[in-house]
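Construct the complete structure from the given sequences, taking the supplied hints into account.
Residue numbers (our numbering), protein chains in the order written: chain A, 1 to 540; chain B, 541 to 860.
Any given hint might turn out to be false.
[As the list claims (entries may be wrong)] When the alpha-carbon atoms are kept at most 25 Å apart in a straight line, the in silico SDA-like pairs for lysine to any residue are as follows: (1) Lys607(B) - Ile698(B); (2) Lys212(A) - Phe669(B); (3) Lys270(A) - Phe669(B).
[As the list claims (entries may be wrong)] Listed next, with one range per pair, are the computed distances between beta-carbon atoms: (4) Ala599(B) - Asp150(A): 36 to 44 Å; (5) Asn414(A) - Gln603(B): 48 to 56 Å; (6) Ser378(A) - Glu641(B): 49 to 57 Å; (7) Gln603(B) - Thr85(A): 48 to 56 Å.
Hints were generated in silico from the structure; no laboratory data involved.
Fair warning: this is a prediction, and the values are worked out from it, not measured in the lab.
Beta carbons: idealized from backbone N, C-alpha and C, even for Gly.
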Amino acid sequence: MRFLPIYFSLAFISACYQTESTITDTLLYCSDKAPHSFNPQISHDVATLDATTHQLYNRLVKIDPISQRFVSDIALRWEVNSKKTEYTFYLRRDVNFHHNDYFTPSRQLNAEDVIFSFDRMLAKEHPFHLTNVVAETYLYNHPFSNLVADIVKVDDYTIRFMLNKSDATLLANLAAHYAVIHSKEYAQLLLENDNKAQIDYLPIGTGPYQFKQNSTKRLIRFQAHTKPWEKPSNIKQLIFDVTPNSTKRYAKLLSGECDIITNPAPSQVKQISKNELFSLSSQPTGNVALIAFNTKSKSLQNSDVRHALSSAIDRQTILDAVYFENATAANNLLPSNSWAYNPRAPLVYYTPEHSREKLQNGEFDFSQTLRIVAPIKSSIFNPNFYKTAELIQSNLATIGVNTEIIQLRNEELNATLMAGEYDLYLTGISPYIKDPDNLFRPLFSCSSNQIEGNTGQWCDTKVQALLDNTLLETNFVQRVKNYYQLQEYTQDQLIYLPIAHLLRFDVFNNNISGLQMNPLTGIDLHSVNKVPPLTKEQIK
Amino acid sequence: MFNYLIRRLYLLCITSIILTIIAFSIQHLTVGNTLDSNVFSQYLDYLISISQGELGVSALDNQPILKTALIAFISTLELCFFAFIFASIIGVPLGILAGLERNRGIDYSIMSIALIGLALPVFWVAIIFTMLPNLTGWVMPIDGNISVIYEVPMVTGIMLIDSLLVSEQYQLSAFYNHLVHIVLPATVLAIFLISEIIRLTRHSITMIMRSNYIKAAHTKGFSRPQIVYRHVLKNAIPPIIHQLRLQISTIISFAMAIEIVFSYQGAGMWLFVSIQQGDYLALSTAILIISGFILILSIIVDLLLVLISPTKRKVLYADQ
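Written as structure tokens, this is what we have:
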């Protein structure tokens, strides 16, 4: 009897409680990591892309998620000259920048803002060029620096991109996450106040949501754009709740404290897919997990040795034990849905019985110990580097090859890679645009170093010529042919052994609709619609 | 009484100095100091800054670390307070029952449950409780101390009050939301506390039931309820409070562990996040605040005991 008042008060409190999933104008997105900044020009991690590209900004053009064609965004339309060296973009005249307590724009978007945004990346003397950028990374200006000779303002609403040579990838680059448009007026204000760094942390864009608050990297609040130029968003309050623990993220989805969770643990995927209350979205990301063979290492210079070692590695077991259902098997660096995918490129089969024989014939020195280097921290490429390395070690041990696993932190890892002190390296590659050049160039180009992606330390005039010619090639059929040739050659050389094509998983409540996942540019929450939670009966 | 107070304060001073030395050493080792001056003068500077309430600025949010730490610690105390209320309402009657029915079936049952409560690791129980709402179909929040949709500015640091201050914007929904968020973490903490309170109450009741004045009351012909209500309960409480005082640091430690599981924004979560992100200044600040609080509270409890319990008053005399 004494406990009755407690039970009554608990029941009363519980009855007053409304979970967040019942509030239809607020969306809670639970991510695993906090964004590095709020500018996808300088930060290319998935968390930054999710929080910024589609939420805060717009680009000149974008890729239609259904037709996969380039469609207008800030540029209403565009024209290309006959030589395909000049692209003229006509801008919309009704684009408003965000209006909030730290910035009140006095004008709408015009050509000055577009030029400012690209100049920041391209012009070394630009006052914002090195703001918040520790070192010039490959993506910061590389996609445009070799491509664009000049960007000219024709009038207030017309700009022209003058290319060095005809290049097929300009539109793809303009639709990529790093081509977002910032406000020049806001930048000038910050420059006057001597507070340049703020541009990437208190952002002003034109996207459907505007930045409100970022409290100690755990909670990021956005609100709907107060003067949107596009269709206003149904969601008035968007909250990014950073929950690093995957079990906790799933528990919060179950308790209604998250509407969408990203990256569920591989082991949870099966369980989630059985739950009728949630939808599981899986998208191929274009990211490939791979094993790089250091071709400068004495023992791995011979491609026969690389083939023999590769065919001793049981990739299916790695896929089952490490990735669960978060990845699909990879036979080629390109995913099979890519337009440049070559189905005839040579494949690697798991035939350990022949591996030892091949190595013996090739006079491989079995007394040496190969170094398998891997990062300590898990990454988007691999949820468990150590387990993968152990599986490879045990595979190679069965054919009599000794290995040691060396796990390193980022700083040590970079030094080790640059010094070339490794034989096998567990890594991966993330392309940022759909063009295959974006995948192949970092891996195979002579001008790309180990940190930029060429961990195979490969430099070959034939591959380099193929890469360069294909980039400039405007004939689509010829481009496909060139990439076919490149794949056949590089698969034959086997500098990288692909392990898995990674999938991106997002789980959301069934009362959410209109979610668009773009694995390259991040999640798009503009058209999200949220209705009161559905019961199991309603779902049935 | 005055002499006793002075004695306690003297003890407080000595312990506080030891504490500041520990906190200073930790800060010196983790954060480091580039000044050329010697360690002793750095320590003196540190003491001066403590006396001025300036413990430095957090590397995470550039806010004064003392303010952030105090707000977090008050949240922890709020959690402990609710757990204590829960535990007292359940634990004291059960403890009395076990004490009165000593060595009978009901005593064994209660003590078995209490023992299980003591034996279960608190973080494990907390993890199980985060799964409970989903398993039972009872809709309860498991993360934080208030839903993230409410923007509650910190005015007093006590969320219960702060959530009422925003009632113009959210009516009472923020307040209710906070209360619901407390239920699960406070229940987990209460499980440990209930076991402790049952154990202490039972022991205290047993001791008093054996005392001569209770036997005398029996011989006088008083009924059992009369004896219990008039004599036993009144005398059983001081030893319980005295024993619980010794458990304060354990309770706060458990609360901090529970906070991490429930992402409850208290001292535990604050310390965890700070250390994870390399803000080691939080370590020395937390030591100063938490240990300082335990010290002061134990002195207050001592004084309180002296005031409410005549048997404790003998400590007022220095030679006793």
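Hints versus structure:
1. Lys607(B) - Ile698(B): Given pair lysine 607(B), isoleucine 698(B) holds - Cα atoms ~13 Å apart, limit 25 Å.
2. Lys212(A) - Phe669(B): This hinted pair is violated, its Cα atoms lying about 33 Å apart.
3. Lys270(A) - Phe669(B): At roughly 23 Å apart (the allowed maximum being 25 Å), phenylalanine 669(B) and lysine 270(A) satisfy the hint.
4. Ala599(B) - Asp150(A): 36 to 44 Å: holds, 43 Å
5. Asn414(A) - Gln603(B): 48 to 56 Å: 33 Å Cβ-Cβ, so the 48 to 56 Å window is violated.
6. Ser378(A) - Glu641(B): 49 to 57 Å: holds, 56 Å
7. Gln603(B) - Thr85(A): 48 to 56 Å: holds, 53 Å
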